[in-house]
Structure formats: C-alpha cells, structure tokens
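Please arrange chain B on chain A, whose structure you already have, making use of the hints.
Number of protein chains: 2
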Amino acid sequence: MQQIANIPNPVNKRMVIVGGGFAGLQLARKCARHNMQVVLIDRNNYHQFQPLFYQVATAGLEPSSISFPLRKIFHEKNDVHFRMAKLEEVDPQKQMVYTNLGYLEYDYLVLATGVSTNYFGLENVKKNAIPMKSVSEAIYLRNRILENYEKALNETDEEAQQALMNIVIVGGGPTGVELAGALAEMRKYILPKDYPELDFSKMQIYLFEAGDRLLQGMLEKSGEEAYQSLGKMGVQVYLNRPVEDYDGEQIMTKQGENFRAKTLIWTAGVTGRAIQGLPDSVLTRSNRIHVDQYNRIKGYKNVFAIGDIAYMETPQYPNGHPQVAQVAIQQAQHLSKNLVRYERGQDMKLFFYEDRGTMATIGRHRAVADLPLIHLRGFAAWILWLFVHLMAIVGVKNRFFIFINWMWNYITYDQSLRVLIRPKMFRYNKPGE
Amino acid sequence: MQQIANIPNPVNKRMVIVGGGFAGLQLARKCARHNMQVVLIDRNNYHQFQPLFYQVATAGLEPSSISFPLRKIFHEKNDVHFRMAKLEEVDPQKQMVYTNLGYLEYDYLVLATGVSTNYFGLENVKKNAIPMKSVSEAIYLRNRILENYEKALNETDEEAQQALMNIVIVGGGPTGVELAGALAEMRKYILPKDYPELDFSKMQIYLFEAGDRLLQGMLEKSGEEAYQSLGKMGVQVYLNRPVEDYDGEQIMTKQGENFRAKTLIWTAGVTGRAIQGLPDSVLTRSNRIHVDQYNRIKGYKNVFAIGDIAYMETPQYPNGHPQVAQVAIQQAQHLSKNLVRYERGQDMKLFFYEDRGTMATIGRHRAVADLPLIHLRGFAAWILWLFVHLMAIVGVKNRFFIFINWMWNYITYDQSLRVLIRPKMFRYNKPGE
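From first to last, the protein sequence lines stand for chains A and B. For the first sequence, our numbering begins at 6 and goes up steadily by one. For the second sequence, our numbering begins at 6 and goes up steadily by one.
Any given hint could be a false lead.
Given that identical chains are not distinguished, each listed pair holds provided it fits within a single copy or across any two copies.
Claimed, not checked - Cross-link-like lysine-lysine pairs, in silico, DSS-like; alpha carbons within 30 Å at most:
1. K91 - K306
2. K342 - K91
3. K82 - K156
4. K91 - K156
5. K18 - K156
Simulated from the structure, these hints should not be mistaken for lab results.
Okay, chain A solo, but in the shape it has when bound (with noise of 0.2 Å):
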C-alpha cells in the first residue's frame, strides 16, 4: 500500500479526523485555526446536514441544500486536506491511519465517524424497512413514497391500495417525530392536489415508540406535547409498542397486533460500528467508544473519539450523552482547545456539556423545545435552532445564503420536488448495501 498522495508533509503536528458530520468538521475548522496540519477524512465529499434529513424524505427540501461540499467549507484554509476516503484500518502504535487510497501517519487521530441504523437484530425488519441516517437514504425515501402513489393509483383492489398509501415510522424520537409530523402535512396540502383521484382520507400514518412516551431524551412535557399535536394532526401514535416483525407489508408489534403498509421508516436506534485496529474493548453500550472527560480513547495517548460515537460518563451524564449535534459540536470545540494547551504543555481541561436546548418540529408550524435560557415558542424557536446549527458548518459568507434558500423553499411549500428521480444507470438494491 502506498502513503496517500499530494498530502505535504507537515510543518508541525498533523491531525487526522475521520468523519465530516458536526463533530468532525467543527473540529476542522477550529484546529485550522492552530498552526496544526489537518486531513478529514469522509466517504462523501459533503456534510450532510442531518436535522433537515427529514425534509428531503418529504420533498421539502432539495438534497443540495442540506449538502455542503467539505471542499468548498475549506477553501480559504490552507492546510487542511479533505479526501474522500473509507477508513480502513488504525494502527496506533505506529501511528497509522490505512484508507482505500492509502495509508497516513498522524500525530493526532480523531474518530468522528458517527453512527448508522440499528435493528436490533430484527433480520426482517432490516431487510424490508427503510431507514434515514443519510442524504441517499432520505433520497430513496422520499422515491419510494412517491412510487407507491403511482401503485396506489393503479390499484384496483381496496385493501391493497391502502396498504399502498399507509406509511409507518417506528421510533418516537426527534427523527420519527418530525417524520410523522410532515408526512401528516404532506397528506393534508398536498398530495391530494397531486392524486385527485385517490382518497386520502383513507391513508394513515402510524408512529410506533416501544418506551412510554415520546421525545424520551427531552423534558417529559415536550413528549405530552408531541403526542398531542400529532393526534391533532391525524398521526395515530401507539406508545408502548416495540416492533418485532416485518415483511414488507405487514407490521407485527411485540403484543401481537397487526398493521398493514407497504412504507416503514425505522427511525428506532443507532449503533456505533468496531473500529478496525482497536480492540472491541474501546466499544461499549451500542457499540460506542468508550472516551475518558478528554474525549480520548483509554490506553491510547493520541487517538480521541468525538460526537455520537464517542460514549463518555461525566457526573451529570453517568450513561453518557445524547446522540445530538449540540453535544457533537460542544466536543469538537472542546477538544481543539484542549489540543493547543497539550502543544503548549499545559493541563487539560474536563468537558463539561452545557445543555443549550432541544428541539423537535411538528410540522411547519409547531415545535417542542426545552429551551432553559430561551422561552421562543413556534416559528422563531425553529429558526434559531436551525440558524445554530448551521454556524457549526459553514462559514459567515454561506450561511446567508443557505439560510435564506431554506427560508425560501418554507415559503413556497408545495415545492416542484415531487419527482422521482430514478437514475437510469443504476438498478435498485436493498439500502445497506
């Protein structure tokens, strides 16, 4: 295997970071800053901008704008090298990274590769239900949403029909929430405009949580809250009710009921992946690694984990974080401070997260927030979030543009992005794969 080309080698220390979601390109950006030599390194040459996945699955938004080319974000910086790269294999004694076009020595190595879909061993369900953990799998959603209409029209059998227009999420967190609640707005505006001639009245959309409630990493009112709206909405929302089975068609909950669709979007838990090079021991509860208050990886000095991967007890979180950005990006901030005061031989600092707020969107008008500094309520609440998170991605410049591009496709709902672009070159497989 050959070093990866074009890389210089570096004036001072290298940093390697792999994984461009939050964490990873905070972190980037901020040690770009410190005189330090920085490589990101993702299988994607974008960012994908997870909390407005679901906007892509509904056709509200284009792919391109929650998309951000990592090139593009680095332009003006000229130390850090992006490429497009699976990381293979780490070796931390000799201080190597191996990837697909290559190897790399690091002084600094940073695991930032997040997490994907977890099934919990359900063979069936991962083989029939759709998930959401990318801009693609959104893309294949929202296709296969859309195809189903034109079955559904041609569908002359009752039953069958609405096995067709019948959409399922399983997972009462933000994801599902926010899913069930634009799913329930497309229904509403506008796919009868689109399908004059099928009976919407007929469609459901059920929401399936195994625990008690909604929401269950926010305050126990913003789950009532969501429950509430969504009802209103018309979403039928079955709390304690863990899936056990599906076939593509039928839904069979852990007490036995039955439901009929020919959509289920599984939104129902994540999982951390086996890092090749470092023992399963670094891996704890769903496959996270295991991280001290530094964010490093015990028994090794300069390998570090950050964001939803990186599983850290601190006394106001003894089971660890929560798997959002806001503790992604706090980590990557954190971190680029801790490194320059190692360079300069100084102590460390714990992390500490500072809970700024939670949110989830119901639908274009309603969203739940646990706020503690902030009571904004609605539209203005939604904004600021958005607007938050964006700072932790792009620059001042875009963030104008991408924000009032977003701002625009609110305004004009009832987007042109009902189209099923089915790539002439490429043949369907099954999503994983």
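Same frame as chain A, now just chain B:
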C-alpha cells in the same frame, strides 16, 4: 391485461399523449381547455427541461430546478390524467394503447416520445461514453466528473492524473458547445479552489465535431463565433474529426489521432425508436416517424406524432425540421387548434414552422443567437430565450418562482452543488440500462 385503473370514461373524446416533453406537455395544456379528456403518459413523473441539462451536469443547477412534476402542472385541470407508465404497444385498428399499467382506448393518440442518444453503431463508444439526454444522465455525468477529480488527487503518475482530469465532448451542436463552455468556466473559477493540490493548467477540454463547423443547425457566423469564443476559453476544438472509437481512456478519430481522457461525453446525434404496433415503414431517417403537414402519421386517421420524433417535410424544411424545442412547441399548439377544427367538421390547416430564433450559450457571459426579429445579445438574450421556453412548460404563477430560482443560482455561481450523492442502495450500471 386490465384497463388502466381510475380513469373515468370521457364525456367527449379522449386524447392519449405519450411523452411529457416540450411537445406532449404543451399539447396537454392546450387540449385540456377544449373539452377533451387528456391522458398523459410518461415514464418519469416529471418534465425534464432539456435546455438546462448541461447546467446540472456541470454542477450549476440542482436537478429539481429543471424537473417539473407533471402532476403539479395539472393541479388545476380536472380532466387531465397523468400516469407514470411506459408505452408497450399501439393497436391503431382497435384504437388502443398498451402500457405496463394496462390498456386504454383512445380517440386520438399523439406520440411525443422524443429521441435518444445515437451512437451510430459504435459499440465501444456506447459502452464507455456518457450520454446527456436526461436529468439522471446529467447527474451521472456530474458524479463521474467529481469522482475523477477525487481519484486524480490520489494519482501520482502524471499521465494517469491528466487522463483523469481531461474531458472530451463529441458533438459540436448546441449541447456540446454549451457543455464545453460550462466546463471551461468550472475549470477556471471553481475547480482550482476545490482541488488546490491539482494543477488545472494541465486539464484539457476537447470538443470534437465531425462536420466542418460548430452549430450546424444555426447560421454560419454563429458557428464561427462559438469557435472563437471557445478557443479563447481554452477549449480545444477539432473540426472535421469524427470519433470512431473510445475504450474508456483512449479516443481515436477517423484520422487515426489519439487523445486520452477518462471522461467522454457523447452528444453527437439522436435517434428515434420503433413503436411496437406501428410498422417500420412509418420510420424514416434517424428513426423519426414520418408525418404529413398535419402531424398525422400517414395511413392512420387518429394517430399523430409531434416534436423531435416527428419527421415532417415542408417546402421550407425539405429534410425535416430541426429537433429543437420551438418546433415541438409550435407543432403542439398547431395540432391542438387543428383538432378543434376537426371536431367542428372544419378543415385542418397545414403546419409551417416560424423560426423565431435559436440560441446557444457559451459560458455564463456569452451566447450566440440567430434571432431574426430582435437583435439582443448576451445576458438579455439568454434570459429571454430561457423565459420563452419556460412559458411552454408551466403556468404563470410558477414561472416567476422558477425563474427567480434560476437567476439566484446564476448570481450565486460557485454553488454548493459539487456533491457526489452516490445513493447507498443503488449499484452503478451502464447508462442506458
């Protein structure tokens, strides 16, 4: 086979239109006003705005900006029915069409199926070249270009690296010229910022034309202007160079010259397709369907063909009309009026094409135009030309939004569109499959 479901019996006559391009769409919109039931069939659920494919291919526009859902266009129209379906066979005696969704009886059948890429029997070229006759092909092209730059970055052999950076376009008509200009600008303004480690003075853009000038369908001076402009932009234009072979890396011209590029875009010709159920005798040069001056297929009373697929001889166009949008739109408008006359027992009128001008853009600041009535140049001419074509597609309300969107993209060039969304669940196949 069953009848296509959920289409009511028509009150008067039923027109079946196959193809939602410029011709089919314009005809559907006109006929919808005339008390006729219109059933529009297309294999995609959206209209593809061909004049701007090259913008998608060079990451200047998002696919959805030029894809208009056919259902949305017919929101307000009660007796227009759209089905996403493929035409399988026509039975002119029984006056039936057969599709993958079922059969349908018609009173009038209009074929507006368009044309596809013509490889002139060059099998190697067909296998290795990239066509650009649809939105999904434009996306595929964009992805290929971006992927090659990622690979080039990791290539240490200089010749191999240059082959990855070079781009060849075959076909000097408007499509090829526009692509060449857009790529030249991408090379100048965008790529060096995205890939600072690559030396773009080494990137060659070639344009091969088999004939003796560019833009053969336009005035000679326009072809000459295009030649000069492209030359100034650093595109190497080779006239009188038919391309005979391409193995994925080496291009060979008829003269035996060799060029090296991993990307070859084939825009050198188009061809129609036989329609099952109609005899091959209706086909003429380039597999276009021979029609009389009423766009009627000879020998068939109620079967018509309009747009690119139709071949009509008139005194002014003894070898058929150019396959351009304006011809398609005018034929559609003319046919809709003719059918009204026919229904009233009046004589139909002959079709005469009024050439109101042709335009090809060369980069973002130049265009060549044959505009007999107005002598506009540059940006104003381009705007007018685009708007005229847009009028044919969507209603007044939407034109405004779409146009603002395009202008926004124009102004904010250096858009974040250089994302390589490689859908997880699709495997790459060859274009055309």
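Evaluated hints:
no.: 1; hint: K91 - K306; in the structure: within (23 Å within a copy, 61 Å between copies)
no.: 2; hint: K342 - K91; in the structure: within (27 Å within a copy, 60 Å between copies)
no.: 3; hint: K82 - K156; in the structure: between (50 Å within a copy, 21 Å between copies)
no.: 4; hint: K91 - K156; in the structure: between (38 Å within a copy, 13 Å between copies)
no.: 5; hint: K18 - K156; in the structure: between (57 Å within a copy, 26 Å between copies)
Of the numbered hints given earlier, the model fails none.
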